[in-house]
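Spelled out, the chains give:
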Amino acid sequence: MSRHPKPPSAQEGENSSTGRKAEPVLPAALIANNVAKDYGDGPALYPLSLRIEEHEKVALIGHNGSGKTTFLRMATGLLEPASGSITVFGQAPGSMDARSKLSYLADTPTFYDDLSVWEHLEYTARLHNMGTWEQKAADLLGQLGIYDRADDLPTRFSRGLKQKAAIAIAFIRPFELMLVDEPFVGLDADGKEALLDLFEQASADGAALVVATHELSFVARTARTIALRDGSLVFDGESSQAEARGLVAVEGTATQD
Amino acid sequence: MESLNELEPKVPIVISVQDLQALDRTDVVIADVRWYLDGRDGRKAYTEGHIPGAIFVDLDRDLASSDRSDATHGRHPFPTPSAFAGAMSRLGIGSDSHVVAYDDTGGMTASRLVVMLRMLGCKASVLDGGIHAWQRANDQPLASGKPTTVKAASFTTVEWPVNQIVTKQELDSIVAEGAINSRRVLLDARSGDRFQGVVTEATAKLDPRPGHIPGAFSAPWNAVIDSDTSSFKSVEELQSHYESLCVDLADEVIAYCGSGISACANIVALEHAGYPTPRLFVASWSGWSSDSETPVETGTATPDREAFTTQVTAISSNAIRALRRARQKNRLAEVEWFEALYRVYLAAFIFGGGILFISGLVPDQPVADSMAADVSKFGPGWLGLAGILAVAMGLRSGSRGGPLAIEEADVRHVLLAPVSRRRVLLRPAVQRLRSAMFATGAAGAVAGQLAGRRLPGSGMSWAMSGALWGATAGALFVGAALCAHSLKLRGWMATSIGGALIAWQIAAALPSSQLTGPGDLHGGLALWGERTQFNELIPSAIAAILIGIGLTLLARQSLEALSRRSALVTQLRFAVTLQDLRTVTLLRRQLSQERSRNRPLIKIKRKNSRGRFSAEWIRGWHGLLRFPLSRIARIGTLAIIAGLCQVAMYNGTTPAAIGSGLALFILGLEICEPFAQEIDQGERTDAYPKARGVMYIALLSSTAVVAIMIAAIMIATMGLVEPNMWSIAAICAIPSVIGAIAGAAINIVSGAPDQVSSTAQANMMPPEVAGTVSLIKAIWPVLLAVFGSLPMVGARMAIADGNPPEAPAVRIAIAIALLTFILAGWIRFRDDIKKSLNNAAAESRGQKTRTGGNS
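Chains as they are written, first to last, in the working numbering: chain H, 1 to 257; chain W, 1001 to 1855.
Calculated directly from the structure, the hints in this document are not laboratory data. Note that CB positions come from ideal geometry on N, CA and C, so glycine has one too. There could be a bad hint or two in this list.
Using C-beta positions, here's what the derived DEER-type ranges look like [to be verified]: (1) H:Asn129 - W:Asn1330: 48 to 56 Å; (2) H:Ser49 - W:Ser1836: 29 to 37 Å; (3) H:Lys192 - W:Glu1243: 56 to 64 Å; (4) W:Leu1775 - H:Asp41: 26 to 34 Å; (5) H:Ser49 - W:Val1694: 32 to 40 Å; (6) W:Ile1776 - H:Asp41: 30 to 38 Å; (7) H:Glu200 - W:Ser1558: 30 to 38 Å; (8) H:Gly160 - W:Ala1348: 48 to 56 Å; (9) W:Ser1435 - H:Glu200: 58 to 66 Å.
Not everything, but these chain H residues come out facing chain W in the computed CB check (under 8 Å) [stated by the list, open to error]: (10) Gly77; (11) Leu78; (12) Met96; (13) Arg99; (14) Ser100; (15) Tyr104; (16) Thr110; (17) Tyr112; (18) Asp113; (19) Glu119; (20) Asp152.
Kindly produce the complete structure, drawing on both the sequences and the hints.
Structure, rendered in structure tokens:
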């Protein structure tokens, strides 16, 4: 379960080391400042700046190769920005503080070869110092419909089941910001419903969510949509506007070519 | 303009007189299509006598275009769709009519009308036997009189379908490529003389230019018609006739003749015999030969089915060869020649140095005669074990999908293409055989040369016999594996047969036994340095036979096994080159399909896992308890081997320390599994709110407990073999295992990526330094494991000096413990150390670093 943030204190602003005149700054979950990435055969992400506030639910849309995964991985600390900076709750990505608050659900699920689903959950929960996690684990597995597979090895699962197991592992531990990369791929209708519910619950509990997806039903439930195209930001605003601008098609897939 | 092709099922293309009479006559139109090559008048023949109710179709006027401006369209080009529709309509033939066409030749010209109508999707059939058959079957006389005007019928104008007609341009390219090469058969319906280009008065009139289309086969139209009855020959006769023309081997048949008339008889006969409808080259010879530029052939053409198949196969083989050449060109272009040569130089240097070193260890004085006699007597038995092991391993490998490894791209594209699998797999099989025989032969030669320095006989002859012995073993392995795979030998059967053979050979090799083992002859090969017995070549012959069988049955290799192994083996080779032992371990497991157990050996009760123990400890046990039995057996065997080596060390064979160290190192790689899993999943580790180093050490906690169990096995082994060793065994076993685990852990963790970006440091080093560094990185963990076995060496030296062995052993053991402690500290703190080093370096360079590591 995520903790509620402390209210911003004016004193903290005045004591800031830059010595500037303090302005009450709302803590932001994620601040990207001209962050860019180049993989060597061309820029994957042009300098990008944005702010994700706490409790925000944001859909990140864009075609394949638009830079969504690159951006998310830089926010988790798995990639180094070529230039610019990213901070997560004011800390560098990959720092201990950031790790305990940030949950990352990658686009390809990976697992240990020698642990069952339940043991994965146990390991993750205990590494996050959760006291009683069993009930939550059971609830998660039940919601995702894989409770009866809890003792099986996820490396042997089909793509869809692997995705569900990965979702359970991402949600079992406490987080204040969740970065999600294409989670609806491979899920059946029940799985999609379950995941949408989980996002709702997480949001209601106060977590910030950034979900890179093509799934319209999720975009429709967000207030804010960020659209990338070919590594640049092309839209950042109300989700309903995104639909109006033709960035998201009525049928349910992002239309960017 | 629509296509009518998707209408009701087509009527039979050849219809007998009886069937005609049974038809519903309301929509049947009987058409007389008589026409003669020699210029006689078909209309006149109609007027003199025709089937009652039949209309007359004028071939020249109704079935051919009047526009002869383009000679390349031939003498009887198709009329335009609208002209044809008009002609049909005028004749009273509607789109829904069922036309039954006849002539007096058995179908030469009637077929033209039928083919044209069926192309447009209309119902049309040839009357089998024509007018003669009708006359035979009917008492009624023929009707006579000129063609009368009939009521016009409605005939929809439809475009001629391009997929059933061949244009001259298309045929130009087909002929240029070669008919066989494009898997097509060209059938020429003209008489044999015209086909061959025999120039006579008759043929010259019809064919100004003699000959036939290059690549065509002669299929005279009257060969499909019975000359007595004028009916089409039976379906069986037709099939055998067309098979001799390779029709069944081709993808497509194209029919032509002089002007597109009699070719239709071939088309009708082929469809009647059940073949797919051929395409018609309407312009035919008259169109083809009108252009003086087009190539022609004369003489006979023998359709050779063998040649056809071989040609087609040759195409595939050529394609494969071209593919391989192109890939090789690309691969070589990418190879950094300097780097490749450098690696070879380093490898040769090390290898050669290693050999020299080992030879130095073997003293040069010749052995006593009694020892030499022992070698002659007992050698074949034990040396034959190599051949038996080769067969056993080969059978096992084959039953699991080996020995071949094909690249994944080849599996996907080439093996699923319509080319002979045997041909594709031949080259990889030969390569495998070659490399196996080379490796084993070279090893045998080296061993032989070393032996030859102490045994009577020249070193060279010993080396050669060693090579022969080794190469035969290699060949036995590959041959057995190929056969086992192709004959689909089951795993359990392979293990049983292999185990039985090994047990037999060992039983026969024991000094006290009188048995002859199956491998004795093979073992004798190694002794050819001192005497030759030609019956010892029998195992080599057996190997050759096995290989022969294996290569012949290559097509039976399982595609599933090949594709499973393909990706794995490529990665495995790559990992071995990089000395990436962890990847090698993982890939070897996948190759032998060794997986974690679904149900752990002992289930840790869920309520026990709370509170007291760390997450890593529990996780470690979850992993260890999922070891498959094969892995556990392997670990146990390695522990026993290490124990035996230590016994040998105790008894004076110091180099056995290497054996003990290696065995325990490999064992260490296995039991460090929970730790290694965490290294494998680096991204996951970086997401936990715990420092990497801390987690790594914590994950080794369960491994430490297993180490104690391993030490216990070693002590038991040593104690059972050498009862007065107990105390020394106890002192030496634990440091050996700990040292080995430390070495294995270092090796595994050095494969983990650096968290902090290490910039261009690696590129600054000169190649010798970089190469040596990577070599040291590979060897250092193994050396560490060997060091772990040193206490026993200390004990041995003490015994040799007459001192009590415990004290030096304990001293060395303590040194090893300290070393292990330091290494554990390194694993724990390496990230922090690297970070502070980097920071220091960066600050001295005057810039701040970007950190992504622990804070």
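Legend entry - Those earlier numbered hints the structure runs against, lowest number first: Hint 7 is the one this structure does not satisfy, whereas the remaining hints hold.
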